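Chain order of the listed sequences is A and B. According to my numbering, the first sequence is numbered sequentially starting from 1. According to my numbering, the second sequence is numbered sequentially starting from 1.
By construction, these hints were calculated from the structure, which means they are not laboratory data. Incorrect hints may have been included.
With the Cβ distance kept under 10 Å, some of the chain A side facing chain B (calculated, not the full set) [stated by the list, open to error]: (1) Pro6; (2) Thr9; (3) Val203; (4) Gly205; (5) Gly207; (6) Leu218; (7) Leu220; (8) Asn224; (9) Glu253; (10) Lys271; (11) Gln274; (12) Thr318; (13) Phe320; (14) Tyr321.
These numbers come from a predicted model, not from an experiment. Note that beta-carbon positions come from the ideal geometry of N, C-alpha and C, so glycine has one too.
Number of protein chains: 2
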Amino acid sequence: MNDTAPWITFRPELTVLDCTIRDGGLMNNSQFTDDQVKRVYEACIEAGLDYMEIGYKNSLEQFPKDQYGPWRHTYEEDIRRVVGDHSPEETGLKLTAMADAGGKSDWENQIIPKKDSVLDYIRVACYAHQISEAADMVRHADEMGYKTCLNIMAISIVKDAEIDQILNIAKDLPLDAVVVVDSFGNLYREQIDALVKKYASAVKGSGIEVGIHAHNNLQLAFANTIEAIILGSNRVDATLLGLGRGAGNCPMELLIGFLRNPKFELKPILKAIQETILPLKQQFDWGPSIPYHLTGQMNLHPRSAMAWRGSDAPDDYTGFYDKIISDV
Amino acid sequence: MNDTAPWITFRPELTVLDCTIRDGGLMNNSQFTDDQVKRVYEACIEAGLDYMEIGYKNSLEQFPKDQYGPWRHTYEEDIRRVVGDHSPEETGLKLTAMADAGGKSDWENQIIPKKDSVLDYIRVACYAHQISEAADMVRHADEMGYKTCLNIMAISIVKDAEIDQILNIAKDLPLDAVVVVDSFGNLYREQIDALVKKYASAVKGSGIEVGIHAHNNLQLAFANTIEAIILGSNRVDATLLGLGRGAGNCPMELLIGFLRNPKFELKPILKAIQETILPLKQQFDWGPSIPYHLTGQMNLHPRSAMAWRGSDAPDDYTGFYDKIISDV
């Protein structure tokens, strides 16, 4: 089709991060069992993935233990109960956790020196207006010895001038990557193009990579992830069976089937999905469906769709349509 | 994001075709009730769609009445039982039927003069090696008074030199459109780009439009449809809730939510899905799932995945993986 056919080879510098437990935790208050986390961990290793994000570094005060499972706080003893003295060298897998800005994380205390942790990488997530705290968090995590990245969430509702300002701060931070995060699953291909190019241009020469974290409201998470890869993104997020908030994430099974790096193995992904993730469908709803399509199309947070999908009439699509039309 | 932001406006010459009943008929031997067809028909009118493909013009001999419903043959009396003396002028909707090459259609007898039919448009489908019969079918339908198009199926397994040869024939046929058909749901964005550009280049100056008919094996049907539109495709296929063979088609609810032509209305689409299409999920399986991902990734006909999804262990993904790996 194309004489160059770049999709038949691969870029060795492209790394894949599994955030099944972290993002999926938004659907079940991070109440995964140790066995579930262990099976995902083992699948990540067997599949040859680069990173597994095992949970949030969020505060006990905001997310108390009687309501939230251990993967909302990811204390060292909880992680080690699953992964033991995890060795990145032996397994090929590095562990990450995500800390939210905006008072959700007690990051000064929760992010301990890397020499005392099995974590390798801290990902800081913030909304646009939280960039100054996020920058402090990145610097703290860097001082503690971690690789870091910055995930600027809900980018589809941030104006270009504000994105430019944020990237101007980000380019001088000690970051491994800055990530395009389409939290509302709103963006189309041309919009992803414009954002990835903007991010890449802003961090050019800094050594910072551009990442992609897509949501699947419009069945575009995989397509938009490919698109970012085509444009040079080397930090890619996905989850098993797309598990994640609302419409979910880029499905790992599609991503690994697309990438041509022979180090990746699909079958362990399929096994973990079949045995560990698919049964969760009995407990809560995620993945593309019409309420999520509608919030995605309207560039809205998925919370109203999540509530609708959890109601007695999850498939009353016209009812949900009427509701969100009258809400705006 | 982009100063030109073309996605915020629309091209009036872009037409949308609903092929729910035609393509969905591959899942239930075209055994839709008259009421089901009528509700889809009414939804197409209320939503402002341009075309509804109401069934196949396939032969009674190959597809006998004791096994196949009326929408496999779409005789005039069957269509009129649902649509009456359908008026394209009053409804804004034109009706189409698809005739397959390769002996599946008794087209010399089944395609009657347009003046005696409520159909406006005949779509001829063929595999690459059937192009000569398909060309005869197109000429016959044109002589009978219909607009016509040519759907060259399973294009992901056809070599470039053969596609060029087919397009060289197509450009001289009396066609409204020639359609890029990704029957196996195998193609990625860059491959769609190459094909759409190839088709457009071949028919340039002929007045023939380029169409897109995508399947959803890799959750790329909508993304690839958008991509073709961006590149100038003005004939676009979709189905309600993506109903169609195997992984299904581009979902109409996503397409109509994306297009900005104010003549299109989303709510009638949602209503028909909720009341008429969603209940069919109890009867047969369609839409993206891992077996379809795997046949899509491997550029295979979805028939083995369809059989697996209809078996006692539809979610034994590793079993299916082992099977198709050993089959190739």
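Which numbered hints does this structure break?
2, 3, 4 and 5
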